[in-house]
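Colleague: These are the residues of each chain, in order.
Protein chains: 2
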Amino acid sequence: MHCLGVDLGGTAVKIGLFSMDGQLICKLQNPVNKAAGPEGILSEIAASAARLMNEQHAEDVCCLGMGVPGNVAEGRFALRCVNLSWRNVPVSDFLEKLLHMPVTILHDASAAALGEHWRGASRAYDSSVLVTLGTGVGGGLIDRNRLVEGAHGCDGELGHMTLFPDEASPFPCSCGKRGCLEQYTAAPAIVRQARAALAASDTPSLLRSVADLQAKDVFDAAKAGDALALGVVDRVCFYLGVALANVAAVFDPEAFIIGGGVSKAGRILTDTILPYYRQYAYPGTDHAEFVLAKLGNEAGMYGAARFALDKLGSL
Amino acid sequence: MHCLGVDLGGTAVKIGLFSMDGQLICKLQNPVNKAAGPEGILSEIAASAARLMNEQHAEDVCCLGMGVPGNVAEGRFALRCVNLSWRNVPVSDFLEKLLHMPVTILHDASAAALGEHWRGASRAYDSSVLVTLGTGVGGGLIDRNRLVEGAHGCDGELGHMTLFPDEASPFPCSCGKRGCLEQYTAAPAIVRQARAALAASDTPSLLRSVADLQAKDVFDAAKAGDALALGVVDRVCFYLGVALANVAAVFDPEAFIIGGGVSKAGRILTDTILPYYRQYAYPGTDHAEFVLAKLGNEAGMYGAARFALDKLGSL
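Quick note, the sequences are listed as chains A and B, same order.
Those letters in the first sequence? Residues 1 to 315, by this note's numbering.
Those letters in the second sequence? Residues 1 to 315, by this note's numbering.
Hints may contain errors.
Facing chain A, from chain B, some residues (calculated, C-beta under 8 Å) [to be verified]:
(1) Ala47
(2) Ala50
(3) Asn54
(4) His57
(5) Ala58
(6) Asp60
(7) Cys62
(8) Glu74
(9) Phe164
(10) Asp166
(11) Phe251
(12) Phe290
Simulated crosslink set (DSS-like; lysine-lysine; CA at most 30 Å straight-line) [claimed, not checked]:
(13) Lys34(A) with Lys223(A)
(14) Lys27(B) with Lys177(B)
(15) Lys177(A) with Lys27(B)
(16) Lys97(B) with Lys27(B)
(17) Lys311(A) with Lys216(B)
The hints are simulated quantities; they were obtained by calculation from the structure and are not laboratory data.
Built from N, CA and C at the ideal position, the CB exists for glycine as well.
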């Protein structure tokens, strides 16, 4: 038996064929043609999945799971995917008619959390929280080897915790609020803080010669000992340490898994977050481990496949 | 068949005999003799439980669950109960030897959350968060009809989320940190804020004539339209609204259940929290419902019994 895991993003879709124990047998990646609309995109995914199964002589695929970049209801409807301009799309109904197998969908960050739990960095932990640091900040929760599914498809929206409720933040968040964690710790926010630090002083810095400043440059300069960059990284990790200590006071996981594009910075991130986390964590939760994600941008594919298997098992 | 639910507090222990569907058949309450130590207290509980079963001719009790005022490991060990001066007490082992039935223990706030879910205010919700407002602030999480059990027995420690990380709070928390939600919203903190408001102005207030000011007086005065008291209640509910919006960004429950002694204030509490909650909640989570707890100080007994039944079912 096999299963399919799909990770649908704003620009690309990845499809993977998995064995039942989570070995990735084969995968393909296609661009997403947003102009084709939900039906065009989903038809293309179904055709690619069928081609993959055909090529691999996998006639025994039992289900398909798909991570989508937005909130989901009942594991079947994409409520709102901003990047795709989707609203209330009955994804499962549509794909099930084309593929003749059960189709389940979930938020892409939840899929990544489940993927890391199945075959990645959080395999060893019964309960964990994945934190994805990238263009946005998100995540997913695992409780006793099972994905937590929020009532409104919004669990693990860690980037939208409010850090400084009394502060009139000048940076509105894409969600419509102000003062969200994402506005302090996502990649664009890291760049913004580095630019502000550069503008506020004449301190010499490696970053002054960088043309198109990216979050990666900030971490690279910090690793090279650049004081200004180190200051920015320290402040970003302070924000994350406080926020994740608050997550622990709610959910008390065994481990935090740090993923997303920004996590490519590596151990400087976990090493700098940890002291702040311990300072703000309720005693007892301060032993939670901090580890880097392992599956990179394949985590969503893994987790989507696993989610579909879990749903199949509970039918 | 029957089961026993026990709620062990710092001053009293309540023992209830339940039917399998959660009807409370009979209960008793005894003072806790702290000086007797863990063995003395547990022996007394076992004797009282045996007497209750005897009187009720309940020879078919299948299990006992007990909520304890502190963190728990593996459902069997009380790690640390500050009010009882307990550390690493093997509660289940001890009681099982005396009572000859499976014994499971859990944090008292978790027990209350499960109790409200079984027979109280959160029966109708698959996922909910109980918030207990009393001398401290705590809570418990229900995910798809199941209690979330943190990795270190510290889930639902909502009172120890940090509200203002940059602020040098003058009020140290019992946990050793500063700036915990509990220091802004627990009963003593409400009294402290009322006293500070009285001292800071000459505004006439009903509270000026109250000798031994309690949180209840503040809410009573607010309900009577007292401007100073209304200001204190508003600020306390602002803190709670922000913190619970952050809880929703992590866990996304269907409903928040407000319990604990302070919740006797009634709807003024939920009505004042709700607008702040909605202001700070991630869109999608802002529809979560706010309801008052129903079972009062019997919730822990109910939840402890239910927890023991759940554990029995999963053996």
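Colleague: Where does the structure disagree with the numbered hints, that is, which hint numbers, in rising order?
Modeller: 1, 2, 3, 4, 5, 6, 7, 8, 12, 13, 14, 15, 17
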